[in-house]
Amino acid sequence: MSSRCEQPFHDTIQDYADQLADALNRVDRNDLSGLAKMHGWCEALAEAVSSETEGEPLRERTGLMAGILESLILGEVEDADQALKQLSQEVSALCDQVHALTAIGTESTSSASEEEPTQHNSDANPPSEPAAVEASQAAQPTEIKDAAPAPESDEPTATEPVEPEPIQERTLEAIERERAAETPSADQNIADETSQPEQAAAYVSEPLTIDPEELEFVKGFVEEAGEHIEGIEAAVLEVEQATDDTSKIDDLFRPFHTIKGMAGFLNLRDVNSLTHEAETLLDQGRKGQRPITTALIDLIFQVVDILKVQVSEISAYLDNPNGDTVPQPPVSEMIGRLRSVIAGTETDADASAAGAADIAQAALVEPAERDGATEAGTPQSNPAGSPVSAAGPTAARGATRTQSTGDRSVRIDTAKLDALVEMVGELVIAQTLVNASSEVDSDATLSKNVGHVTKIVRDVQEVAMGMRMVPIGPTFQKMARLVRDVSRKAGKRVELKISGEDTELDKNVIEQIGDPLVHMVRNAVDHGVERPEARRAAGKPEVGVVHLRASHQGGNIVIEIEDDGKGMDAQALLKKAIEKGIVQPNEDLSEQQAYGLIFAPGFSMAVEVTDISGRGVGMDVVKRNIDHLRGTVDITSKLGEGSRFVIRLPLTLAIIDGMVVRVGQQRIIIPTITIEQSLRPTREQITTVQRRGEVLNVRGKLIALVQLGQLFGFSGRVDPCDTMVVIVQCDGRSIGLTVEELIGQQQVVIKSLGEQFEKLRGVSGAAILGDGRVGLILEPSGVLALHNACATTGMIDDPPARVAENRLTEAPDGVEACADSPTDLNESQDAVTALEEQP
Amino acid sequence: MTAATDVQQDAPRDQTGRSPEWAEGLAGKYLTFLLADEEYGVQILKVREIIGVLDITPVPQTTPDVEGVINLRGKVIPVIDLRTKFGLPRADYNDQTCTIVLDVGVLMGIIVDTVREVLDIEAADIEPPPTLGATVDTSFIVGMGKIKDKVLILLDIDTVLKAQELVIDQLGAAA
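Line by line, the protein sequences give chains A and B. Quick note on numbering: the first sequence equals residues 1 to 839 in my numbering. Quick note on numbering: the second sequence equals residues 1 to 175 in my numbering.
Treat the hints as calculated values from the structure; they're not laboratory data. Predicted, not measured: the structure shown is a model, and the values here were computed from it. You may find that some hints are simply not true.
[To be verified] Straight-line C-alpha distance at most 27 Å; calculated DSS-like pairs for lysine-lysine:
{"hint": "1", "chain 1": "A", "residue 1": "448", "chain 2": "A", "residue 2": "478"}
{"hint": "2", "chain 1": "A", "residue 1": "759", "chain 2": "B", "residue 2": "162"}
{"hint": "3", "chain 1": "B", "residue 1": "75", "chain 2": "A", "residue 2": "416"}
{"hint": "4", "chain 1": "B", "residue 1": "46", "chain 2": "B", "residue 2": "162"}
{"hint": "5", "chain 1": "A", "residue 1": "489", "chain 2": "A", "residue 2": "478"}
{"hint": "6", "chain 1": "B", "residue 1": "75", "chain 2": "B", "residue 2": "162"}
{"hint": "7", "chain 1": "A", "residue 1": "638", "chain 2": "A", "residue 2": "576"}
{"hint": "8", "chain 1": "A", "residue 1": "497", "chain 2": "A", "residue 2": "580"}
{"hint": "9", "chain 1": "B", "residue 1": "29", "chain 2": "B", "residue 2": "85"}
{"hint": "10", "chain 1": "A", "residue 1": "759", "chain 2": "B", "residue 2": "85"}
{"hint": "11", "chain 1": "A", "residue 1": "759", "chain 2": "B", "residue 2": "75"}
{"hint": "12", "chain 1": "A", "residue 1": "455", "chain 2": "B", "residue 2": "75"}
{"hint": "13", "chain 1": "A", "residue 1": "638", "chain 2": "A", "residue 2": "701"}
{"hint": "14", "chain 1": "A", "residue 1": "497", "chain 2": "A", "residue 2": "478"}
With the hints as constraints, model all of the structure from the sequences given.
Okay, here's the thing in structure tokens:
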């Protein structure tokens with residue numbers, strides 16, 4: 001701090017101005033300590049200024065700012081946001097004034113300065129004052145340079161500074177570097193200095209090395225930068241829809257400004273310089289000096305794309321900090337282009353077109369993943385593609401916010417959170433065991449205490465689960481850019497609408513649902529929404545709408561993707577499926593089942609394969625991902641009007657609500673989300689087919705019966721009329737599972753069976769039940785697939801097979817039949833299906 | 001001991017042409033157990049714990065040697081019946097039967113007739129696996145250990161447990 005007294009006047013005021021600008025980005029109306037700090041700087045600035053005559057115009061402003069800050073701190077303002085806005089404008093103007101002073105008035109030295117040549121002292125005041133006034137109206141340092149020489153009689157002195165200036169700047173730089181640790185804003189000056197002589201040299205990138213001592217800071221930078229980038233992309237959508245709203249442009253400006261500051265602090269030159277130009281451009285925008293055009297937005301996106309690569313390269317280096325230089329994407333061209341646009345020597349349209357051409361050539365960045373197959377259009381795409389999309393999730397995986405409000409949040413390593421949730425899961429199991437033991441019931445005091453513990457454990461469980469909940473908003477907002485890009489490429493006009501952004505999901509679920517959502521949104525734009533001409537002809541508005549909705553319904557998360565496009569043609573789907581051999585020619589499917597065909601591997605309705613989609617690779621992966629999350633997808637569609645996909649997901653991956661049933665000697669848990677109903681059928685409701693398959697008639701609906709015990713090898717065939725049948729839903733159809741006993745509904749902690757069981761169908765995991773034994777968790781989709789693949793052996797009239805004892809001495813008939821004779825399969829299934837379709 | 005060393009000096013290379021260094025890598029402590037009157041050994045470093053036979057939950061679509069899964073203090077791990085794995089006739093479980101929990105990257109259990117002891121086997125006492133003709137699969141035998149007139153079959157437990165898939169893929173393609 002004491003060094004400030006020795007600093008030249010300009011440095012001081014520049015410092016304060018920068019600090020104020022920076023702090024303004026960070027504070028909000030409730031951040032009293034931040035506001036107080038700003039107030040302190042205002043006062044210090046006022047003091048510094050009052051001792052210099054050239055600081056006269058600044059004095060009034062600092063006084064005004066101090067006043068606003070005081071009222072904010074004391075809570076005397078009615079509309080705090082308005083006050084903050086005004087403050088921000090004042091700070092902005094202040095910075096401009098300071099810029100003006102330091103830029104032209106470099107030869108005007110204060111008496112405090114020891115280094116400057118003093119011969120211009122007396123001339124300092126006249127040129128600086130009117131120039132300062134002009135400067136406060138103008139925005140750019142460059143314009144100041146132009147303005148200064150123009151009307152002034154003291155022209156010679158104003159234009160003289162070229163020589164002494166560089167000397168001063170260089171010493172300033174040296175001093176700034178030393179104080180780099182104190183104020184991040186100091187290094188913004190470096191960027192300012194390098195960009196100011198813009199008429200001269202183009203930006204030249206230097207090799208980037210990261211000091212081992214700075215690794216931690218750079219790690220923090222990568223994480224924060226990732227978040228800011230997400231914020232930028234989200235903000236762009238808002239800006240495009242309200243180009244006059246300065247607060248929205250502010251939302252776009254601020255992240256760039258923050259990234260610039262951090263990059264400057266860490267000597268990440270390229271990042272610093274790039275974001276500086278972007279920030280300047282947006283600053284013009286928010287001051288109303290530059291209209292926000294589509295081309296400008298395109299430029300911003302291009303900058304973001306480069307930024308993403310920069311960040312991901314740095315992130316990759318952090319994974320293996322071996323002292324090599326960090327690879328950097330080329331930025332000189334973009335920086336040059338941005339500078340031209342800022343100076344007005346190039347239009348944003350030209351610049352963005354040039355940038356787009358560059359990108360097409362170099363394939364610098366791929367915004368979203370492709371379907372995995374090689375693309376004809378962009379041969380070198382993938383290597384750059386994967387790190388970019390990895391930068392986002394990697395940054396997000398490193399830490400997570402515990403609260404979404406952002407006001408008071410703590411960054412926590414997700415590994416710690418996961419460990420906590422796992423332990424809570426164990427706690428729940430242990431507590432269930434204690435609860436179940438007989439001693440508890442007999443002793444009243446013990447019973448009471450255990451009950452108390454149970455309640456507390458349940459509360460802890462709820463809180464722990466809640467900690468991993470994250471709002472889906474950011475995921476949805478990322479789609480905005482996807483829609484923009486894809487609709488552009490496909491020549492369509494599509495608007496993305498979002499609702500339910502506050503809906504919270506388990507962090508793991510959000511990570512895994514991202515990909516399926518991307519695929520489905522892309523499909524909606526590419527295949528769903530028609531081209532503008534077609535829409536016009538159909539009497540629809542030219543701009544199609546894709547609507548993303550999220551909500552909580554009955555313990556599940558429901559995500560809807562709806563479009564008002566051309567809908568799906570069930571007949572055409574069926575035809576295509578038969579063509580591809582996915583469906584047998586004589587098979588007749590319900591509408592729902594026909595729509596479900598799009599999830600079949602290799603299925604595609606595209607007449608031509610665009611480079612966006614059409615290879616038939618995406619949707620089956622989507623289905624698999626959703627199955628993996630134990631979710632369901634329902635499709636409704638109306639030809640000519642649009643389609644709607646409804647994804648239902650359990651609230652959390654760790655715990656499942658299920659019905660525990662006994663099959664043979666084993667317990668199986670059927671996820672409640674899939675259960676339609678359970679019943680004990682009467683003899684009349686059962687129809688046998690070819691004496692092998694069985695069909696259940698429930699209020700007119702025919703449902704195939706699956707002998708679960710036999711299928712899993714836990715028992716022989718059971719008579720459904722002696723037992724229970726649980727009807728579950730999967731893939732749009734219902735199947736009935738025979739179980740010997742319904743034990744009860746409970747929540748269980750899911751234990752993964754491990755990689756070795758990955759190929760297992762019909763079972764998605766295991767759970768530890770109250771008595772410590774393991775129960776398998778059912779996965780209906782797989783059960784159906786298994787059932788279709790295996791013929792049920794033995795006629796129905798055969799005596800029941802030997803029921804398996806606790807230890808099987810040999811695999812029962814059912815399993816062997818599956819492995820040995822897959823020939824028999826479809827007959828019984830066909831017959832059953834035929835029966836089902838009967839009116 | 002001298003006899004053994006003499007043998008070593010006389011025939012520095014064994015029948016398969018392997019050098020004594022190969023045996024060095026295998027020397028160490030082994031947990032021995034019985035399986036159908038044959039005695040086997042596994043490297044003690046891979047043994048996590050030894051427990052009795054717990055309640056096993058069978059898992060469908062698995063190979064016959066996979067008995068199922070058990071609850072090991074909150075973790076669900078698969079358990080293999082070693083007799084079945086080696087093609088030996090199955091036997092009923094009694095109070096001698098044990099489950100050895102091993103760490104081969106993942107935790108897995110093997111069911112054996114009885115667990116014996118921990119023996120320190122030196123390189124000099126290890127011989128390469130015998131060639132028993134094409135009918136006997138000896139891919140998971142790393143060597144034969146000789147201790148006090150007994151012959152131990154030293155197992156490559158990683159190969160035993162991880163060489164084959166546990167799940168029989170009923171559906172072929174899209175699993």
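A quick look at each hint next to the structure:
Between residue 448 of chain A and residue 478 of chain A, the direct Cα distance comes to roughly 51 Å. Violation of the 27 Å bound is thereby established for this hinted pair. This hinted pair checks out: residue 759 of chain A and residue 162 of chain B have alpha carbons roughly 15 Å apart, not beyond 27 Å. Among the hinted pairs, residue 75 of chain B with residue 416 of chain A is consistent with the structure: their alpha-carbon atoms are about 19 Å apart, no more than 27 Å. Among the hinted pairs, residue 46 of chain B with residue 162 of chain B is consistent with the structure: their alpha-carbon atoms are about 14 Å apart, no more than 27 Å.
Taking the CA atoms of residue 489 of chain A and residue 478 of chain A, the gap is about 17 Å. The hint holds against a cut of 27 Å. Taken as a hint, the residue 75 of chain B and residue 162 of chain B pair is honoured in the structure, with Cα atoms around 19 Å apart against an allowance of 27 Å. Simply put, residue 638 of chain A and residue 576 of chain A have alpha-carbon atoms about 18 Å apart, close enough for the 27 Å limit, and the pair holds. With a CA separation close to 35 Å, the supplied pair residue 497 of chain A and residue 580 of chain A exceeds the 27 Å bound.
Restraint check for residue 29 of chain B and residue 85 of chain B: the C-alpha separation of about 24 Å stays at or below 27 Å, so the hint holds. Using a Cα cut-off of 27 Å, the hinted pair residue 759 of chain A and residue 85 of chain B holds, with the two alpha carbons roughly 20 Å apart. Straight-line distance between C-alpha atoms of residue 759 of chain A and residue 75 of chain B comes to about 20 Å, which keeps the hinted pair within the 27 Å bound. Between residue 455 of chain A and residue 75 of chain B, the direct Cα distance comes to roughly 25 Å. Compliance with the 27 Å bound is thereby established for this hinted pair.
A threshold of 27 Å between alpha carbons decides the hint, and for residue 638 of chain A with residue 701 of chain A the separation of about 24 Å falls inside it, so the pair holds. About 12 Å separates the Cα atoms of residue 497 of chain A and residue 478 of chain A, which keeps this hinted pair within 27 Å; it holds.
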